[in-house]
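Undergrad: Sequences listed follow chains H and D, in order. Count the first sequence with the working numbering and you get residues 1 to 182, in order. Count the second sequence with the working numbering and you get residues 1001 to 1196, in order.
Honestly, the hints are just simulated from the structure, not real lab data. Don't take each hint at face value.
Simulated crosslink set (EDC-like; lysine to aspartate or glutamate; CA at most 16 Å straight-line) [as the list claims (entries may be wrong)]:
(1) 44/H / 1166/D
(2) 1128/D / 1091/D
(3) 44/H / 1089/D
(4) 44/H / 1173/D
Here are the simulated distance ranges between beta carbons [stated by the list, open to error]:
(5) 1095/D / 38/H: 16 to 24 Å
(6) 124/H / 1137/D: 25 to 33 Å
(7) 1068/D / 132/H: 41 to 49 Å
(8) 132/H / 1185/D: 17 to 25 Å
(9) 39/H / 1104/D: 33 to 41 Å
(10) 1187/D / 129/H: 20 to 28 Å
(11) 1088/D / 7/H: 52 to 60 Å
(12) 57/H / 1137/D: 39 to 47 Å
(13) 158/H / 1134/D: 52 to 60 Å
Being a predicted model, the structure only gives us computed values, none of them experimental. For every residue, glycine included, the Cβ atom is placed at its ideal position computed from N, Cα and C.
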Amino acid sequence: MPLRNTAEAYGSLSKFLHWAIVLLIVPQYFLAEAAEELPDGLEKLQLIDWHKSLGMLVLLLALARIGWKVMNRGMPGPIGEPWQRKVAAAGHGLLYLLILAQPISGWAMSSAANYPVTLFGWFQFPALVAENHDLHESLEEVHEVLFFLMLAVAVVHILAALYHHFVLKDGVLRRMLPFSRP
Amino acid sequence: MNARRAGILVLLAALALASAASAASAAAITWTVDPAHSQLTFHPRLAGGEFAGRFERFEATIRFDPADLAHSSLLVVVDLLGARTGDTDRDTALQGSDFFQTTRWPKGTFTSTGIKSLGGGRYAATGKLTLRDVTRDVRVQFRFDSPAPSGGAARMTGSSNVRRLEFGVGQGDWRSTEWLDDAVRIEFDLALRGVR
């Protein structure tokens, strides 16, 4: 499997970034929900720290994924009717936007409450905004709304992929599956 | 008593007064802090990242003269109820029994025991810091910048590294240093005005 994308399938780096981001995002909801249940204390701090570190990792991988996409124009061409291509492009664009906006809103939310944001304690990111209680409260809502929006778009994305695979049987899903060959 | 003897007596009296005044000025200059342009902050490391909190209320009694360090002293009383970190949950936790426990010990105090020059306008003070019911020796390093050495306006900026666990700041889970470091840097930037 080539590193770069080809006209038939995504390359190994695109696939790796796609699936790594999926695997990192899935536990995020559960970490946040579990932390919410806990009283203030060390356990809560640990869960939130994991949530924040994973989120920042998603942000870095999302930037890499978008950068690689821009550098790698030879990706698999679109399939389907012109309107389907338009909807697919819009959906993908929205997903890219959300996997950037979600960690950035969380980062800003931490900064507004004067909490440090690190990558597993190895590296501290600078504060994105100044300490501001009201802004923190607003960003908390933004972070939650963005999550449900991301969930909705991801569900459509998955349903579309399954529709291509099982109904249209056009090999679109296989182009992004790990270890698969076109 | 003739006029000449009276004149000499007046002169002697004046000299005595003048020498008394100069003896008084041998005690270092007293400075007041302008709270609007001064800050006292603390910098803990939480989960590998540093953040800053501030003590919004403190009183400092500063006697300081670079030329007379033997008579110089620092006394700082911090109202721990004024500790703010930008997050109400964390502020509440700081007041609680795991940290300052302000219901029992609302104040922190620092009293210097000695000040020496490090050269170049820098100084090191040793002193006693009291938090909760524990008093320990700490060292404070600072700069003193004054355009006019005998008074007027001056700035005192410095820091100290405090080990919170020596003072019991961190009970229960917070005795662990895995998520909250033991060392907490204290920083201050004081706008001073000389009052003698």
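Undergrad: Going straight from one Cα to the other, do residue 44/H and residue 1089/D come out at no more than 16 Å?
TA: 12 Å, holds
Undergrad: Check whether the Cα positions of residue 44/H and residue 1173/D lie no farther apart than 16 Å.
TA: 12 Å, holds
Undergrad: Taking the CB of residue 158/H and the CB of residue 1134/D, does the distance hold inside 52 to 60 Å?
TA: 58 Å, holds
Undergrad: Evaluate the given range 20 to 28 Å for the C-beta pair formed by residue 1187/D and residue 129/H.
TA: Hint holds: Cβ distance 22 Å, inside 20 to 28 Å.
Undergrad: Taking the beta carbons of residue 57/H and residue 1137/D, is their distance inside 39 to 47 Å?
TA: 43 Å, holds
Undergrad: With a cut-off of 16 Å on the C-alpha distance, tell me whether residue 1128/D and residue 1091/D pass.
TA: 25 Å, violated
Undergrad: A range of 41 to 49 Å was offered for this pair. Does it hold for the Cβ distance of residue 1068/D and residue 132/H?
TA: Given range 41 to 49 Å: holds, Cβ gap about 45 Å.
Undergrad: Evaluate the given range 33 to 41 Å for the C-beta pair formed by residue 39/H and residue 1104/D.
TA: At 22 Å between Cβs, range violated.
Undergrad: For the pair we were handed, residue 44/H and residue 1166/D, check the Cα-Cα distance against 16 Å.
TA: 25 Å, violated
Undergrad: Within 25 to 33 Å: is that where the Cβ-Cβ distance between residue 124/H and residue 1137/D falls?
TA: Holds - the Cβ-Cβ distance for residue 124/H and residue 1137/D, about 31 Å, lies within 25 to 33 Å.
Undergrad: Please check whether residue 1088/D and residue 7/H have a Cβ separation lying inside 52 to 60 Å.
TA: 56 Å, holds
Undergrad: Starting from the hint 16 to 24 Å, judge whether the C-beta atoms of residue 1095/D and residue 38/H obey it.
TA: 20 Å, holds
When each numbered hint is compared with the structure, violations occur for hints 1, 2 and 9.
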